[in-house]
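Below, each chain spelled out in residue letters.
There are 2 protein chains.
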Amino acid sequence: MSGSESAVLTTLTTAARHAATSLSRSSDEQRARALRGAARVLRARMSALLDANQKDLMGLSAERNDAFRDRLTLTPERIEAMAAGVEAVAVLPDPLGRVLAEWTQPNGLQFRRVAVPLGVIGMIYESRPNVGADAAALCIRSGNAVILRGGAESLHSAREIHRAMVEGLTQEGLDPCSVQILPSADRALVGALLQAVDGVDVIIPRGGKGLVERVQREARVPVLAHAEGLCHTYVHQDADLEMARQIVVNAKLRRPGICGATETLLVDRVIAPALLPPLVAEMSEKGCAFRADKRAQAIVPALPAAQPDDFATEWLAPVLSIAVVDDVEGALAHIARYGSGHTEAIVTENPQAAELFLNGTEGAVVMWNASTQFCDGGEFGFGAEIGIATGRLHARGPVGLEQLTSYRYEIRGKGQVRG
Amino acid sequence: MSGSESAVLTTLTTAARHAATSLSRSSDEQRARALRGAARVLRARMSALLDANQKDLMGLSAERNDAFRDRLTLTPERIEAMAAGVEAVAVLPDPLGRVLAEWTQPNGLQFRRVAVPLGVIGMIYESRPNVGADAAALCIRSGNAVILRGGAESLHSAREIHRAMVEGLTQEGLDPCSVQILPSADRALVGALLQAVDGVDVIIPRGGKGLVERVQREARVPVLAHAEGLCHTYVHQDADLEMARQIVVNAKLRRPGICGATETLLVDRVIAPALLPPLVAEMSEKGCAFRADKRAQAIVPALPAAQPDDFATEWLAPVLSIAVVDDVEGALAHIARYGSGHTEAIVTENPQAAELFLNGTEGAVVMWNASTQFCDGGEFGFGAEIGIATGRLHARGPVGLEQLTSYRYEIRGKGQVRG
Numbered sequence: 425m426s427g428s429e430s431a432v433l434t435t436l437t438t439a440a441r442h443a444a445t446s447l448s449r450s451s452d453e454q455r456a457r458a459l460r461g462a463a464r465v466l467r468a469r470m471s472a473l474l475d476a477n478q479k480d481l482m483g484l485s486a487e488r489n490d491a492f493r494d495r496l497t498l499t500p501e502r503i504e505a506m507a508a509g510v511e512a513v514a515v516l517p518d519p520l521g522r523v524l525a526e527w528t529q530p531n532g533l534q535f536r537r538v539a540v541p542l543g544v545i546g547m548i549y550e551s552r553p554n555v556g557a558d559a560a561a562l563c564i565r566s567g568n569a570v571i572l573r574g575g576a577e578s579l580h581s582a583r584e585i586h587r588a589m590v591e592g593l594t595q596e597g598l599d600p601c602s603v604q605i606l607p608s609a610d611r612a613l614v615g616a617l618l619q620a621v622d623g624v625d626v627i628i629p630r631g632g633k634g635l636v637e638r639v640q641r642e643a644r645v646p647v648l649a650h651a652e653g654l655c656h657t658y659v660h661q662d663a664d665l666e667m668a669r670q671i672v673v674n675a676k677l678r679r680p681g682i683c684g685a686t687e688t689l690l691v692d693r694v695i696a697p698a699l700l701p702p703l704v705a706e707m708s709e710k711g712c713a714f715r716a717d718k719r720a721q722a723i724v725p726a727l728p729a730a731q732p733d734d735f736a737t738e739w740l741a742p743v744l745s746i747a748v749v750d751d752v753e754g755a756l757a758h759i760a761r762y763g764s765g766h767t768e769a770i771v772t773e774n775p776q777a778a779e780l781f782l783n784g785t786e787g788a789v790v791m792w793n794a795s796t797q798f799c800d801g802g803e804f805g806f807g808a809e810i811g812i813a814t815g816r817l818h819a820r821g822p823v824g825l826e827q828l829t830s831y832r833y834e835i836r837g838k839g840q841v842r843g
Numbered sequence: 425m426s427g428s429e430s431a432v433l434t435t436l437t438t439a440a441r442h443a444a445t446s447l448s449r450s451s452d453e454q455r456a457r458a459l460r461g462a463a464r465v466l467r468a469r470m471s472a473l474l475d476a477n478q479k480d481l482m483g484l485s486a487e488r489n490d491a492f493r494d495r496l497t498l499t500p501e502r503i504e505a506m507a508a509g510v511e512a513v514a515v516l517p518d519p520l521g522r523v524l525a526e527w528t529q530p531n532g533l534q535f536r537r538v539a540v541p542l543g544v545i546g547m548i549y550e551s552r553p554n555v556g557a558d559a560a561a562l563c564i565r566s567g568n569a570v571i572l573r574g575g576a577e578s579l580h581s582a583r584e585i586h587r588a589m590v591e592g593l594t595q596e597g598l599d600p601c602s603v604q605i606l607p608s609a610d611r612a613l614v615g616a617l618l619q620a621v622d623g624v625d626v627i628i629p630r631g632g633k634g635l636v637e638r639v640q641r642e643a644r645v646p647v648l649a650h651a652e653g654l655c656h657t658y659v660h661q662d663a664d665l666e667m668a669r670q671i672v673v674n675a676k677l678r679r680p681g682i683c684g685a686t687e688t689l690l691v692d693r694v695i696a697p698a699l700l701p702p703l704v705a706e707m708s709e710k711g712c713a714f715r716a717d718k719r720a721q722a723i724v725p726a727l728p729a730a731q732p733d734d735f736a737t738e739w740l741a742p743v744l745s746i747a748v749v750d751d752v753e754g755a756l757a758h759i760a761r762y763g764s765g766h767t768e769a770i771v772t773e774n775p776q777a778a779e780l781f782l783n784g785t786e787g788a789v790v791m792w793n794a795s796t797q798f799c800d801g802g803e804f805g806f807g808a809e810i811g812i813a814t815g816r817l818h819a820r821g822p823v824g825l826e827q828l829t830s831y832r833y834e835i836r837g838k839g840q841v842r843g
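Going down the list, the sequences are from chains V and X. Read in order, the letters of the first sequence are residues 425 to 843 in the working numbering. Read in order, the letters of the second sequence are residues 425 to 843 in the working numbering.
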């Protein structure tokens, strides 16, 4: 990176650090009101936001497909939903100041572990403008300063959304630099952000595998993210067949494009002849395609053969990989080889098998007799999420307000000194 | 790094990952027994360990000072203490499987957040051989695989200690690769370890500022650490003078070389004329030197003047920087400028001032009417610590067994699918 990017970034991170300190001392009510103010501005400036979005759409390369264009497009309904989303974060319980643990030592010192903000968050996302509003709302609510970097194609929209957040903050007397935006689409600035170990406490990338993997590869700042959700549903031999059918159909087909969608079905060999033929028939009818190993093909010969990489592929589409396994250990070995540590599910009526499975995978989220599509902050009761993490450090699974906090220890004494 | 270092490291991390998976499925009793076994081996092989340590000492460069040589030296008493330390970790409560949160959603799904190991830990330390034994014990107890890298000067000692840990593990049928050691003093291997984002989940450096800063600068794997403990004790105008005197003397002089020692005394101007003269006299008598700002010099003219960098210096010695401030905000501003986010203390009888201070610094640990020397895992009741962290992500303050865990979500259903 050149000196000028580094200078721009230092200006941003210095302001962010200052804002974070000030936000951490603001009241819950101030932060909530700032969000309600930002939502009002989003609605009041709807036509300016639509104009900005129009500029982004006009500038879009003809090579971008319809799905990309759709993700970038704002409508009055989508802006209303964005404003409502910001308001929804305002009514969530304050994640700061929670006493996470409390004890007294024999010498009378009183210890408290108390939730505090993380500090400065770098949020890198793609073309969907509402992600910027959601992320800014969650960060403000949790007392964190945030530096937003949306997709280069959505810069005008992102700037309008940023402006609304800043107005909400200033109306409450909060530091406007609590939410900043990278001032240009310059990729080198993103590189500088990813390296800013002193200025940024955590980077949260949200988008496709390409974006997340690039961030993970280049960042020196710690990253909370998941690159892919290669989720498995395993039907154990003691499964209720009807329950298994419903779960697998839902886990794959409810919304095949979300990260919690099941990509691979594992079936115990004992139950596979009963489960697979009707299940494949039903899912085929619903438009699902398949990639099957030899043992599954032996049961349903019409199934197309899986290619070597298929079990390592996150389809994000109505395509299901199928493998027949011997038992729980066989399923765990398959998942150890191909899983991405996101969400893994077992369907069984056998509690021992379930516990063995739940304790045996690397999944951030493990389920027993439920659809992997439930891996979502809303379904967890978190109210909103900024992303889903599959790393081991700090937060795993859906990242909501609580996960955007750290803690400090407060020790209250009466003059104790150490012997 | 060359291809060969990378290949060596991949071998180590692959074995570590495998061991971590197997350890995460082992029983608490197995892990505790492995530690007791390792302690027995440490005692049984005491003479071999003393011989190995002798080799290290013979190889030591003449430039190393006595303090360095002392840290490296093992004696029968120190080996006994090391074995007892490993046994002490064995009797701590199991940090795994704790249910950190539990709730049920309206659709009947039961959620549990359960403590699981972090995975693979890279432990980088300096010359004190017992750090390797302590770290290995804490990692095994918490179900984590660890790759140890001690100081190049202590390689023979480290290998003997490693051997004892491995024997303890194998006696229990646990994977011996749960504890590994970098096979040579090759610095390039350390570089490879710091870059191994897929193979290592967290790096914990323990040693001087030079080591920690080098690790923080070079690592792409997340780091749990503190580079320095530039701790402040602030005496507020409403302090009990006698309590303040006792706390300051203890916070500075009990053990000036630990990271929780106070380096800078901040005093409210109103109380400074009453506090400083007798305090400086007493501490001078106890061998303490001083670096004072102009306002403190105006009260005690004999105090030597602070140089520009003095307030940014972690003395780790009987030297105290002194500054007079106007009030709590003045103290907070000083700490914001010079603090390292480690431990900050206020002495006051005024609860409002105390709360303002506790909520206003970036300290991982903040204290009211207590000596900063209490910042230590043992004093917190953690039983043992692998280090102290000042970052925002994952763990802050003393890092004990609990802090060496992550969590997963377990969701138990009865066939629920998402609508």
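One should not assume that every hint holds.
Intra- or inter-copy, both count: the list cannot distinguish identical chains.
With a straight-line cut-off of 35 Å between C-alpha atoms, the simulated DSBU-like cross-links for lysine-lysine are [stated by the list, open to error]:
| # | residue 1 | residue 2 |
| --- | --- | --- |
| 1 | Lys-710 | Lys-479 |
| 2 | Lys-633 | Lys-718 |
| 3 | Lys-633 | Lys-838 |
| 4 | Lys-479 | Lys-718 |
| 5 | Lys-838 | Lys-479 |
| 6 | Lys-633 | Lys-710 |
| 7 | Lys-718 | Lys-838 |
| 8 | Lys-479 | Lys-633 |
Simulated from the structure, these hints should not be mistaken for lab results.
Do the hints match the structure? See the list:
1. Lys-710 x Lys-479: Neither, since 39 Å and 72 Å both go past 35 Å.
2. Lys-633 x Lys-718: within (29 Å within a copy, 57 Å between copies)
3. Lys-633 x Lys-838: Classified as between: cross-chain Cα gap 32 Å, same-chain 54 Å, threshold 35 Å.
4. Lys-479 x Lys-718: neither (52 Å within a copy, 59 Å between copies)
5. Lys-838 x Lys-479: neither (63 Å within a copy, 49 Å between copies)
6. Lys-633 x Lys-710: within (27 Å within a copy, 61 Å between copies)
7. Lys-718 x Lys-838: between (72 Å within a copy, 31 Å between copies)
8. Lys-479 x Lys-633: The answer is within: 27 Å in one copy meets 35 Å, while 51 Å across copies does not.
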